[in-house]
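Protein chains in written order, with the numbering used here: chain X, 2 to 219; chain E, 2 to 219; chain F, -17 to 34; chain D, 0 to 256; chain C, 4 to 207; chain Y, 4 to 207.
Hints are not guaranteed to be accurate.
[To be verified] Simulated coverage check for chain Y against chain E, where a stretch passes if three residues somewhere in it have a Cβ under 8 Å from a Cβ of chain E:
#	segment
1	66 to 77
2	90 to 104
3	164 to 176
Everything labelled a hint here was simulated from the structure, so no lab data went into it. Positions of the beta carbon are idealized from the N, C-alpha and C atoms, including for glycine.
Chain by chain, the residues:
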Amino acid sequence: MIALLLRDLKLAFRAGGGFGLGLAFFLIVTVLVPFSVGPQSSLLSIIAPGVLWLGALLACLLSLDRLLALDWEDGSLDLLATAPLPLEAVVAVKSLAHWLTTGLPLVLVAPLLGVMLNLPETGFTWLVVSLLIGTPALSVIGTFGAAITVGLKRGGLLLSLLVLPLYVPTLIFGAEVARRGATGTELETPLLLLAGITTATIALLPFASAAVLKINLR
Amino acid sequence: MIALLLRDLKLAFRAGGGFGLGLAFFLIVTVLVPFSVGPQSSLLSIIAPGVLWLGALLACLLSLDRLLALDWEDGSLDLLATAPLPLEAVVAVKSLAHWLTTGLPLVLVAPLLGVMLNLPETGFTWLVVSLLIGTPALSVIGTFGAAITVGLKRGGLLLSLLVLPLYVPTLIFGAEVARRGATGTELETPLLLLAGITTATIALLPFASAAVLKINLR
Amino acid sequence: MIPDLGKYTETVLSAYGISIVLLVALVVLSVMRGRRVRTELKSVEQRMSRDG
Amino acid sequence: MTITAKANSLWEYANPRKFLATSERLLPFFWLASTTCLVVGLVWGFFFTPDDYKQGSTVKIIYLHVPSALMAINCWLMMLAASLIWLVRRHHVSALAARAAAPVGIVFTLVALVTGAIWGQPMWGSWWAWDPRLTSFLILFLFYLGYVALWEAIEDPDTAADLTSVLCLVGSVFAILSRYAVNFWNQGLHQGASVMRVAAVTGSDTEEKVSNIYFFPLMLCIVGFVLLFIALVLYRTCTEIRARRIKALLARERANA
Amino acid sequence: MTLTVTDLAIARGGLALLERLNFVLEPGKALILRGPNGIGKTTLLRTLAGLQAPLAGQIQGAEDRIAYAAHADGLKPTLTVAENLSFWMSVFGTHSIQPALDRYDLNELADRQAGNLSAGQKRRAGLARLLVTGRPIWMLDEPTVSLDRNAVTMFAEAVEDHLKYGGSALIATHIDLGLEAKVLDISSNKVKPRPIEDFDGAFL
Amino acid sequence: MTLTVTDLAIARGGLALLERLNFVLEPGKALILRGPNGIGKTTLLRTLAGLQAPLAGQIQGAEDRIAYAAHADGLKPTLTVAENLSFWMSVFGTHSIQPALDRYDLNELADRQAGNLSAGQKRRAGLARLLVTGRPIWMLDEPTVSLDRNAVTMFAEAVEDHLKYGGSALIATHIDLGLEAKVLDISSNKVKPRPIEDFDGAFL
Ligand code: HEM
Ligand SMILES: Nc1ncnc2c1ncn2[C@@H]1O[C@H](COP(=O)(O)OP(=O)(O)OP(=O)(O)O)[C@@H](O)[C@H]1O
Ligand SMILES: Nc1ncnc2c1ncn2[C@@H]1O[C@H](COP(=O)(O)OP(=O)(O)OP(=O)(O)O)[C@@H](O)[C@H]1O
Ligand SMILES: [Mg+2]
Ligand SMILES: [Mg+2]
Chain X
2 MIALLLRDLK LAFRAGGGFG LGLAFFLIVT VLVPFSVGPQ SSLLSIIAPG
52 VLWLGALLAC LLSLDRLLAL DWEDGSLDLL ATAPLPLEAV VAVKSLAHWL
102 TTGLPLVLVA PLLGVMLNLP ETGFTWLVVS LLIGTPALSV IGTFGAAITV
152 GLKRGGLLLS LLVLPLYVPT LIFGAEVARR GATGTELETP LLLLAGITTA
202 TIALLPFASA AVLKINLR
Chain E
2 MIALLLRDLK LAFRAGGGFG LGLAFFLIVT VLVPFSVGPQ SSLLSIIAPG
52 VLWLGALLAC LLSLDRLLAL DWEDGSLDLL ATAPLPLEAV VAVKSLAHWL
102 TTGLPLVLVA PLLGVMLNLP ETGFTWLVVS LLIGTPALSV IGTFGAAITV
152 GLKRGGLLLS LLVLPLYVPT LIFGAEVARR GATGTELETP LLLLAGITTA
202 TIALLPFASA AVLKINLR
Chain F
-17 MIPDLGKYTE TVLSAYGISI VLLVALVVLS VMRGRRVRTE LKSVEQRMSR
33 DG
Chain D
0 MTITAKANSL WEYANPRKFL ATSERLLPFF WLASTTCLVV GLVWGFFFTP
50 DDYKQGSTVK IIYLHVPSAL MAINCWLMML AASLIWLVRR HHVSALAARA
100 AAPVGIVFTL VALVTGAIWG QPMWGSWWAW DPRLTSFLIL FLFYLGYVAL
150 WEAIEDPDTA ADLTSVLCLV GSVFAILSRY AVNFWNQGLH QGASVMRVAA
200 VTGSDTEEKV SNIYFFPLML CIVGFVLLFI ALVLYRTCTE IRARRIKALL
250 ARERANA
Chain C
4 MTLTVTDLAI ARGGLALLER LNFVLEPGKA LILRGPNGIG KTTLLRTLAG
54 LQAPLAGQIQ GAEDRIAYAA HADGLKPTLT VAENLSFWMS VFGTHSIQPA
104 LDRYDLNELA DRQAGNLSAG QKRRAGLARL LVTGRPIWML DEPTVSLDRN
154 AVTMFAEAVE DHLKYGGSAL IATHIDLGLE AKVLDISSNK VKPRPIEDFD
204 GAFL
Chain Y
4 MTLTVTDLAI ARGGLALLER LNFVLEPGKA LILRGPNGIG KTTLLRTLAG
54 LQAPLAGQIQ GAEDRIAYAA HADGLKPTLT VAENLSFWMS VFGTHSIQPA
104 LDRYDLNELA DRQAGNLSAG QKRRAGLARL LVTGRPIWML DEPTVSLDRN
154 AVTMFAEAVE DHLKYGGSAL IATHIDLGLE AKVLDISSNK VKPRPIEDFD
204 GAFL
């Protein structure tokens, strides 16, 4: 299992492996926002927490289709399924690798982009905290979507369609925490709810993903 | 060439071919915006034109990776390159098919989503006009990006990264037209510039794309 | 014939119009597909029992 | 086709042939009953109920809006049940019924959304507001879309049935979660559920509750929508069964060739 | 340690393909699987490997003892050959990739990225994976595709070695491998058409 | 109508592979390309088909007359076999796919989606594409991979027919096709390592 994690990380870091691309996408989307809504800093600072959360979510989403599909195409997934590893563990490791290569970097650069969008000073801590708690859920939910669509040639868009509605609760609570953090209001409830969602998805969804993957392999 | 266009359309409409998914993605991104920035309709109506343009752009972007990569993977692109069709024509037809299956539907549903984001009444016409003029440029530029990244396994994210900067001018002028339309200010200049960009990219970029593709094939 | 709907005439009529169109379209499309599939099944079954 | 043996268990209708025969006999009744209820209810509501003192003639929209909204949710519940049956007992008919119901659910959701939006224009001054009720309906719509898209995208029928069933299960959980999330995110303008309360209230007419005059035609319409739903799902399930059989026959033909 | 298949029936894409499959694969023996294109060899191997469920019948002695090599190689194009093999080594908990490299003459290619190999070189790397799994039963689907004569001989030797140490192999192939092995021709196991009145059956 | 190759040198991935290639492919003749894995057969065929530029040397008589069949089939999995072939038919401006279907016994598979075929059936559909191109020179890269005996015979007959009507074929393969054809062994054309002093050359 550690071997699998290491391999996935290695693959991500190799040229063309996609590490950093999610980050760059996040960066670019955030940069495009002022171009599309206009440059007034007062407006930007209001929408900043929301935009950053949305950007992080989309960056996660876009990297999902390489999560399992590559292993499917070159036959590794078949071989992994016959290997002495429970499929649940495989799926969980894949989610973890995805979070380490996508979610975590996003969390780390988010403050930087916050500066560019005039995020109010008070908002930074809570933005990072909310992303740190929320992004693992995004990876786990995304793995489920990837497992469902893995057999489809370029299921990328269908994957987005399936996963985005599932992302709604996480996004709402995450963005709520970040927004309340920025305006300095009470944020305990959404924070707890966000943490609850993350824990629950991490505990339960890998089983669903493994089940779905087994169906797809046959 | 017509055979190629018809084939591409047929492929798009076949089960799993991805037609309508770009649309759905557009819809979902638009829906997610209020979740992330909050539900106040005054705020939403200000950012509506920008969000719609950005959403359309992302939906276009996401469907790019199936534009050439599928043909590359199954070897059709090699075969097309040895066929009695100029590669420029192949590329141009591919762009056209992409626009017909992605850009055009986006233009058609944009007003509906405008309603959901409280776009001011005056803004609808210009939103549609700006998208109608701008999306062909998105398809053509996207084809260029797809041609550059075609040899890379799951170049999806890299593709986004390359193409996004190229989309900036189109986005700026397109969103400007839509925004000015919504506030009812003068919008001739950005409209002309947008039209200029579209014409120029349609006239010139296919040659660049074909050249790049030739390099990638060898 | 249509009752006086006051200033909301368009509103109410369009709501009824659109809904009824949607529902009727659903029924009609379902029935059309049903008919098509039924005849197709008949022909396939006939062909197969003929060919053995 | 007649049924000779008496059904001694409900599961016997999971046999495609028996299901076809039974629904063939039941369908005319459902078509007729649903049309009657809908026509009577809508005509009654449209022509013979007075305008509301506050909402004017727009109350008449309720006869379409509420039934379709109710059925949009119930349709998803029915799909959930059918999915569970498929996953546990693997009766093909139940998977096909879930598949057949989804587009019906989409249309009902659309009708609820559209009538609500049209209603909102005079009432709230805008076509759309991010009210939790409306928003969660929009999310439901997205779930429907994803579900149908997944069915369409997968070639092998059994795989498709399995995957969509799991999606339906997981999706239901997330739909409920979203409902709460949306509620938390924005407390809305929409009235709460009052139909059920109204049943107990006689005569007393508060602003928020639907009074008796509107109640009976509304009930007729709701019954009509339920019947229409059943008729459509039965009919479409028969179609799906036949389509599936065609597929199987063609496959066998090519295997024998 | 024997793989026993009794009355197996298999299906693909919702269509029954083969039935009444009965055979035994003993340690130290190889079995060549023959049959025309499209009869269901790949499907049979996948079923035995546990990747799909059989329609009917039993498979005994297969659990966690099968190493499967499919039409696709399962190589990561951006990892080197050595890295690819090492990965499978740690997944299967064995200890060295050196014997595998030696056996298929891959030492020179060990540090090349798998994506930059020619078709035959890739295939050799894919076959080398079998040796690092340490599994006793090999299920091979047209293993010699794209291999030159020399490499086919290497492969045949690898199989013989494997058999010598008590392993066994089931090999689907259309060409002659020069192996001493019984042939299992499944052409006669093709499913017989059923009468179309059999409505429920038509759903399978 | 003759394909003439003089003093050709080819490279792959920035590395010179083969040099001093000289041969002639006449109408009505087939040439079997032999060489061990990784020597550069695929690269040579791609160069001749015009997909990559040669390092040195001339290729005459190739332009717009080559039909190339690579390791991959170029079939769209969601289109049926007939639709796939019809598409190539209209691209190449020929008139019927029926002869191709007949030749490779594809009539029964014509309405099946290409993605649902077995490996060998797919390959047959891929080879049938050659017949609808109407091109005189065939460049085939291991065409018989996954084909059963029967299908190999079909293929050999198709090639013989093609030769009879004045076509020609260059076929890279490791197995015996039962074709009467000259063999072109390129093992001896491998590029010799150059002295390391030759700095500029090392850049090639
Ligand atoms: C697009 C948007 C809308 C959606 C999706 C929507 C959804 C729903 C749903 C799901 C119900 C079922 C209530 C129940 O549980 O019984 C309902 C009932 C109702 N809606 Fe809407 N609604 C929308 C817009 C509106 C608007 C704009 C109005 C009017 C101002 C309105 C007025 C009502 C009324 C009066 C009821 C019945 C009262 C009740 O039974 O609770 N709705 N709507
Ligand atoms: N995804 C699929 N969906 C439906 N049918 C399929 C699918 N894949 C294969 N088949 C069909 O199943 C049958 C068996 O296929 P299989 O791949 O097992 O054959 P095979 O014996 O391995 O043939 P080959 O020698 O060509 O590899 C074939 O008739 C094929 O057309
Ligand atoms: N993308 C690539 N980048 C770098 N080198 C490559 C690449 N593809 C192939 N090579 C190398 O080029 C050489 C020639 O490869 P080629 O595919 O032409 O061989 P081949 O003769 O067709 O072999 P086979 O019989 O195995 O198909 C090989 O040594 C291979 O390692
Ligand atoms: Mg096979
Ligand atoms: Mg080769």
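Comparing the hints with the structure gives:
Counting residues of the segment 66 to 77 of chain Y whose C-beta sits closer than 8 Å to any C-beta of chain E gives 9, which meets the bar of three, so the coverage hint holds. Using a Cβ-Cβ cut-off of 8 Å, 6 residues of the segment 90 to 104 of chain Y lie near chain E, which meets the minimum of three, so the contact claim holds. Note: the segment 164 to 176 of chain Y has 0 residues with beta-carbon separation from chain E under 8 Å; the three-residue rule is not met and the coverage is violated.
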